[in-house]
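Visitor: Using the hints provided, position chain Z relative to the given structure of chain U.
Number of protein chains: 2
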Amino acid sequence: MDTKTDLLSHHISQQFNNELEELRNNLLSMGGQVEKQVSDAIEALINADSEGAISVCEKDTDINAMELTIDEECSRILARRQPAASDLRLVLACTKASTDLERIGDEAAKIARFAISLTEQGEAPKGYIEARHIGNHVRQMVQDALNAFARFDADLALAVAKEDKSVDREYKSATRELVTYMMEDPRSITRVLNIMWVLRSLERIGDHARNIAEYVIYLVKGKDVRHIGIKRIQAEVFDQ
Amino acid sequence: MDTKTDLLSHHISQQFNNELEELRNNLLSMGGQVEKQVSDAIEALINADSEGAISVCEKDTDINAMELTIDEECSRILARRQPAASDLRLVLACTKASTDLERIGDEAAKIARFAISLTEQGEAPKGYIEARHIGNHVRQMVQDALNAFARFDADLALAVAKEDKSVDREYKSATRELVTYMMEDPRSITRVLNIMWVLRSLERIGDHARNIAEYVIYLVKGKDVRHIGIKRIQAEVFDQ
Numbered sequence: 001m002d003t004k005t006d007l008l009s010h011h012i013s014q015q016f017n018n019e020l021e022e023l024r025n026n027l028l029s030m031g032g033q034v035e036k037q038v039s040d041a042i043e044a045l046i047n048a049d050s051e052g053a054i055s056v057c058e059k060d061t062d063i064n065a066m067e068l069t070i071d072e073e074c075s076r077i078l079a080r081r082q083p084a085a086s087d088l089r090l091v092l093a094c095t096k097a098s099t100d101l102e103r104i105g106d107e108a109a110k111i112a113r114f115a116i117s118l119t120e121q122g123e124a125p126k127g128y129i130e131a132r133h134i135g136n137h138v139r140q141m142v143q144d145a146l147n148a149f150a151r152f153d154a155d156l157a158l159a160v161a162k163e164d165k166s167v168d169r170e171y172k173s174a175t176r177e178l179v180t181y182m183m184e185d186p187r188s189i190t191r192v193l194n195i196m197w198v199l200r201s202l203e204r205i206g207d208h209a210r211n212i213a214e215y216v217i218y219l220v221k222g223k224d225v226r227h228i229g230i231k232r233i234q235a236e237v238f239d240q
Numbered sequence: 001m002d003t004k005t006d007l008l009s010h011h012i013s014q015q016f017n018n019e020l021e022e023l024r025n026n027l028l029s030m031g032g033q034v035e036k037q038v039s040d041a042i043e044a045l046i047n048a049d050s051e052g053a054i055s056v057c058e059k060d061t062d063i064n065a066m067e068l069t070i071d072e073e074c075s076r077i078l079a080r081r082q083p084a085a086s087d088l089r090l091v092l093a094c095t096k097a098s099t100d101l102e103r104i105g106d107e108a109a110k111i112a113r114f115a116i117s118l119t120e121q122g123e124a125p126k127g128y129i130e131a132r133h134i135g136n137h138v139r140q141m142v143q144d145a146l147n148a149f150a151r152f153d154a155d156l157a158l159a160v161a162k163e164d165k166s167v168d169r170e171y172k173s174a175t176r177e178l179v180t181y182m183m184e185d186p187r188s189i190t191r192v193l194n195i196m197w198v199l200r201s202l203e204r205i206g207d208h209a210r211n212i213a214e215y216v217i218y219l220v221k222g223k224d225v226r227h228i229g230i231k232r233i234q235a236e237v238f239d240q
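Protein chains in written order, with this note's numbering: chain U, 1 to 240; chain Z, 1 to 240.
Isolated chain U (complex conformation):
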């Protein structure tokens, strides 16, 4: 791809090119694993699969280790290669994005822990359909944010940032329904609260996917678009 060629592999030092390429690959591979953690956690929840949930919790350690590796690579490149312009932005975007990916991993592990409690409590409570729906939505956002990173695609990143609003709406509406349900059947409160925390974690995964999308726009366009609202982000993306 043109943009990719533009943003990578333009150094006389082949070694430096390789280091940047490896950093990016490591981030994407961490992203792939994190995305899998999210979908495995949702599956474990829906299918009352305690073993699957335990495996998600265990794998969180690998995700944590990947964050440290990526940050180490970033420090090393900064110290030895003194990158500038788009290389510097790539390194900074990777160090920021790895933190968000790690937090998505944490949320997946939390969902898995709630899945274990819910399985023990037996009988599927309300909210599973919503959890599956919002879960698929945010998993797709994570996937798209990573694809945007892989292809240096600011348009796709913008689309991810936009999706976050719709996840927030879905989350609010699901939460309202669960509150009504708790009021009607107070014995269900503990179980319904567990599913509510699951939805909360999913909503936060959407936030993190949006953060990653914003780093992609920063990386590609050189503009920091955090905290400025979708309309202004759109203007920045189409401006160049």
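It is worth saying that the hints were derived from the structure and are not from the lab. Fair warning: there could be bad hints in the mix.
The list cannot tell twin chains apart, which means a pair is met if one copy fits it or any two copies do.
Unchecked claim - List time: in silico EDC-like cross-link candidates among lysine to aspartate or glutamate, alpha-carbon distance up to 16 Å:
(1) K110 to E203
(2) K36 to D106
(3) K223 to E236
(4) K110 to D168
(5) K223 to E72
Guide: Chain Z in isolation, oriented as in the chain U frame:
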């Protein structure tokens, strides 16, 4: 202070010294404002002060702007000064810590929004004593994490990291009590859930304070202590 002299102001270029000092000052000043946001949000909640709560929500924009300024400074220093060793760690710690401070600001704004809802709903619900208690606890953690940053004090940073466990315990016990209360009086569910979200935000503020403390240890000791557990952090802090 010895450590401070060691970690700062050792450059032949006075301009570079000034830039690093200013970056650090900006981070600490952002931290001071964020800490105030946390205590103002808790006060607004406890005193049913809607105006105070609205003011916290409004000031969140300033906090967001400070994050962008700090990250811009970090990029500029990385591109122009090509820092190494402890200077590089300082810049990286600042860019990471500013993100955590911004998220603490977000949580304070969320607490303020719940304070507004709770004030409208009238009549103080259960959980205010716990909110005040955990609120003071995490506010102190934020303050200590910032002091540790200001003084390059790894011991204080370690103490902050340790406190996080005790906040988690307080949070869990408060949540359990609120669940019992909801079951006893289902009409209170909406209000009690609001206070529960407040406690959740406070617990997250504790997590972010711990993150900042870990960056201080990285900055001072050169060791990345994330995800390794308190005992091993302790070993790293006392090892050198």
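Visitor: Now tell me, hint by hint, if it's right for this structure.
Guide: Hints and how they fare:
For a Cα distance limit of 16 Å, the shortest separation of K110 from E203 qualifies both inside one copy, at 13 Å, and across copies, at 14 Å. In this assembly of identical chains, the alpha carbons of K36 and D106 lie at most 16 Å apart only when taken from the same copy (13 Å versus 28 Å across copies). Within a single copy, K223 and E236 get their C-alpha atoms as close as 7 Å, which meets the 16 Å cut-off; across copies the closest is 38 Å, which misses it. In this assembly of identical chains, the alpha carbons of K110 and D168 lie at most 16 Å apart only when taken from different copies (14 Å versus 19 Å within one copy).
In the homo-oligomer, the alpha carbons of K223 and E72 lie at most 16 Å apart only across protomers (10 Å), although the nearest pairing inside one protomer, at 25 Å, exceeds that limit.
When held up to the earlier numbered hints, the structure conflicts with none and fits them all.
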